[in-house]
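Peer 1: Residue numbers (UniProt numbering), protein chains in the order written: chain A, 1 to 123; chain B, 1 to 656.
Read the hints as simulated data drawn from the structure, not as lab findings.
Check each hint, because a few of them may be wrong.
Unchecked claim - Away from chain A, derived, C-beta distances all over 10 Å, residues of chain B:
1. 3
2. 22
3. 124
4. 272
5. 279
6. 285
7. 293
8. 373
9. 421
10. 496
As the list claims (entries may be wrong) - If we take Cβ atoms under 10 Å as the criterion, some of the chain A residues that face chain B in the derived model are:
11. 19
12. 20
13. 24
14. 54
15. 91
Note that the structure is a prediction, hence the values are computed from the model and not measured.
Here a beta-carbon is modelled for each residue, glycine too, at the ideal position from N, C-alpha and C.
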Amino acid sequence: MPRLLLVEDNEMNRQMIVGHLKWLGYEVFLAADGHQAVELTEAVHPDLILMDMGLPLLSGWEATAQIKANPVLATIPIIALTAYAMSDDYYRSMAVGCDAFETKPIDFDHLASTMERLLAGSR
Amino acid sequence: MPSLVTIICMFVLVVTALTSTIVSLQSWRRRDRAWARPLSFAGIAVTIMAAGYAVELANTQLENILLAVRFQYIGIVSVPVFWLWFALTYTGRSKMVDASRHYALLIVPALTLILVWTNDLHGLIWQSTAVTVNENGTFFAPTYGPWFWIHTLYSYSLILPATGFLMMTALRTHRLFRWQALMLVMAAVAPLLGNLLYLLRIGPGQFLDLLPIGFGISVMLVALLTMKGRLLEVIPLARTLTFEQMRDGVVVLDPERRIVDLNITASKMFNRAIADVIGMPITALLPVDTNLPAQYLTAHEIDDEISLITSDGPRWFSIQVFPLAGWRGRLKGWLVHWRDITSRREDEQLLRVRNAELEALHLSLQQELLERQRTEIALAQARDMAEASSRTKSAFIGNMSHELRTPLTSIIGYAQLIQRQLVSGEHDLIHSELDIIVNAGRHQVELINDVLDLAKIEAGQMQFKYGEFAIGLLIDRTIQMVQPLAQRGGNRLVLDVSDEVETYYGDEQKIRQILINLLSNAAKFTQHGTITLRVRYDLSNDGAWLEFSVHDTGIGIAPAFLTTIFEEFSQIPGSLQQQYGGTGLGLTICKRYTELMKGTISVTSEENRGSSFYVRLPVERDCAIIPAPPTMALEVSGKKIYVVDTGEVYASPPSR
Chain A
1 MPRLLLVEDN
11 EMNRQMIVGH
21 LKWLGYEVFL
31 AADGHQAVEL
41 TEAVHPDLIL
51 MDMGLPLLSG
61 WEATAQIKAN
71 PVLATIPIIA
81 LTAYAMSDDY
91 YRSMAVGCDA
101 FETKPIDFDH
111 LASTMERLLA
121 GSR
Chain B
1 MPSLVTIICM
11 FVLVVTALTS
21 TIVSLQSWRR
31 RDRAWARPLS
41 FAGIAVTIMA
51 AGYAVELANT
61 QLENILLAVR
71 FQYIGIVSVP
81 VFWLWFALTY
91 TGRSKMVDAS
101 RHYALLIVPA
111 LTLILVWTND
121 LHGLIWQSTA
131 VTVNENGTFF
141 APTYGPWFWI
151 HTLYSYSLIL
161 PATGFLMMTA
171 LRTHRLFRWQ
181 ALMLVMAAVA
191 PLLGNLLYLL
201 RIGPGQFLDL
211 LPIGFGISVM
221 LVALLTMKGR
231 LLEVIPLART
241 LTFEQMRDGV
251 VVLDPERRIV
261 DLNITASKMF
271 NRAIADVIGM
281 PITALLPVDT
291 NLPAQYLTAH
301 EIDDEISLIT
311 SDGPRWFSIQ
321 VFPLAGWRGR
331 LKGWLVHWRD
341 ITSRREDEQL
351 LRVRNAELEA
361 LHLSLQQELL
371 ERQRTEIALA
381 QARDMAEASS
391 RTKSAFIGNM
401 SHELRTPLTS
411 IIGYAQLIQR
421 QLVSGEHDLI
431 HSELDIIVNA
441 GRHQVELIND
451 VLDLAKIEAG
461 QMQFKYGEFA
471 IGLLIDRTIQ
481 MVQPLAQRGG
491 NRLVLDVSDE
501 VETYYGDEQK
511 IRQILINLLS
521 NAAKFTQHGT
531 ITLRVRYDLS
541 NDGAWLEFSV
551 HDTGIGIAPA
561 FLTTIFEEFS
571 QIPGSLQQQY
581 GGTGLGLTIC
591 KRYTELMKGT
601 ISVTSEENRG
611 SSFYVRLPVE
621 RDCAIIPAPP
631 TMALEVSGKK
641 IYVVDTGEVY
651 ASPPSR
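Could you build the full structure based on these sequences and the hints that come with them?
Peer 2: Here is the structure:
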């Protein structure tokens, strides 16, 4: 069972997304801010990260950059999962090292296929 | 036995002879001066004359007397020639007679001398020679022959002009040198006077020829003048040439400030004859209404520039007054010198005006520069504020997007989560009701996207990312997005991409957004029809264009809506919106994007037959139209067509 790290600060949405991911058959770790995201990534070394961008303490962009800067963790695919959905936000996310960009509200079918694709690629 | 008078005469003659010898020698030493050589010769002539005369007086024998007289004549005949020669050179007239002519003047004297020595043969000089004896002694008393008078006439014809020239020079000599002038006059007239006395038998002339003594006096005086009073040696010439002809005004004043001399310029300026003002106080020269400051008339020394009222109006003068020191430092008077410097002052004034103008110009330029700098600063501030405002606006739009999307994420996400949790086959009503929530939520998202895009365009914050991209890739991605929608309505999607079209330099994402919008619209309003995306070059008169066109066979657009179709919330009447969805902002955004990329968008439509949308984007000629092997299209009968439908592939656009 692939292990995912979901980084999401909004409690309500976190629960909702976890529900979907579990239903899709993933093991999910949770982080509520950027620092937790980096720490958990180092600790559990997930197969894939779903990263919100507008996070407290350490933003998703910064957290992504830190993870991607670590050679041990750099191969972990990161999907930006954000309500910052303007075109500039896409470029910004890709620039810090995200492997894919999914907007909120979430198209779970699309997200599922993206995850499958990335997991297949990293395996 | 000679008388006392005769002895005195002899003494004087001996002294004259000696003095003349000295003068001659002195002059010879200074023979580098033009006048020194004739003076030296004249000195010798006078010496011979005087010495011979002294010998004559000392003798009582006719034979001896005659010999002395004949000896004397060497001097007598030559002295007028040398005297004239001297006078000419001394008064600056040397050019009147050149050196060779000076010697030519000696022809007559030489002839006379020959006749004197040969008188016994012809008696042309003396018809008879005798001596008279009286109480004063023995004197030569001849009867003169005709040539004697010719000789005398010739001598006078030389002596008279010489005297005249010297007199003129003496009279014109600077008044400061009165003594020298007097000496010169005496020198000039002395020989004449002596000879006249003799010829008219007056005083000592009754029995003595005073010519040698006269010349002796002349030579002595001239020697004194030239050796002691050095000024005279230059003044005759210098005064004439410079003082009189100079354009500066010069007035010489004596210690009592009376006018001693003035030049022609000065006399002309005051319009007074030189002779009229000599000896008058300086004030007599000045006009009654002169504005010359009073201190000018009393100052010891002045060096100044001043504007004076003259008959020609106000003029500028440079005036110098300086004291003249005479012999042994005694004040001899003042020299007043002035020069009209009006034109120089005018030039200076002009220069000053020009300078002032330049300075003013410089100042105004500086002010302008300052103003411009201020304006620039103000503009920069305004720009900064506008930019800040734009940034704020942009950030606001970004945050707005985020804030609007976050609750929608929950709404849609939970609705879908509930759907997942519903056991399939049961709760179908709930499932379909949840679908309504999801669809409404998605529509809301589209609306938010479009509204915010438009807001961004209006704020001037929409950024375009230009780059060269493959048209094939663009088409690929576009089709991916619209294929499901097209298929949902049972439509065929036909691609007609010209072979020529390979790459384009532009914002691929924006173009994709436009194409997705147009194709989505086509799919929405077409059921079981054909949707065609055509890409080709349009090389028309107005430039090179890449033309994307989307054609459908759908319901078409009523003519009434065609004109306003690109306006916000314009093209969909209420009922249609519910039926077909859409935000009413898609075409507006397409139009804005196209225009921002310097392109055009247009539409043609026929109700119930279909619509065509044309998007034309400008092409830089040199980077376009490069035929290259197709990378994405299926090769079917040599034509690049591929049709996305239900798995069918058409070799050409399917006919309707």
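Peer 1: Each hint: holds or not?
Peer 2: Consistency of the hints with the structure:
Consistency note on residue 3(B): stated as away from chain A, and its beta-carbon is indeed over 10 Å from all of that chain's, at 147 Å minimum. Every Cβ of chain A is farther than 10 Å from the Cβ of residue 22(B); the closest lies at roughly 120 Å, confirming the non-interface assignment. With a least beta-carbon separation of about 141 Å from chain A, residue 124(B) lies farther than 10 Å from that chain, consistent with its non-interface assignment. Every CB of chain A is more than 10 Å from the CB of residue 272(B) (nearest about 101 Å), matching its label as outside the interface.
Non-interface call for residue 279(B) relative to chain A: holds, since the shortest CB-CB distance, roughly 108 Å, exceeds 10 Å. Against the 10 Å criterion, residue 285(B) stays outside the reach of chain A, whose nearest CB is about 98 Å from its own CB. No Cβ of chain A comes within 10 Å of the Cβ of residue 293(B); the nearest lies about 87 Å off, and the non-interface call holds. Remark: the non-interface label on residue 373(B) is consistent with the geometry, its nearest Cβ contact in chain A lying 35 Å away (cut-off 10 Å).
The beta carbon of residue 421(B) sits about 8 Å from the closest Cβ of chain A, which is not more than 10 Å, so the claim that it is off the interface is violated. Its beta-carbon lying about 28 Å from the closest one in chain A, residue 496(B) satisfies the requirement of being farther than 10 Å from that chain. Taking 10 Å as the C-beta contact cut-off toward chain B, the hint placing residue 19(A) at the interface holds, the least distance being around 5 Å. Because the closest C-beta pair between residue 20(A) and chain B is about 6 Å apart, less than 10 Å, the hint holds.
Interface hint status for residue 24(A): upheld, as the beta-carbon distance to the closest one in chain B is roughly 9 Å, under 10 Å. For residue 54(A), the interface hint holds, since its Cβ comes within 10 Å of a Cβ in chain B; the closest pair sits about 6 Å apart. Hint on residue 91(A) holds. Least Cβ distance to chain B is approximately 7 Å, under the 10 Å limit.
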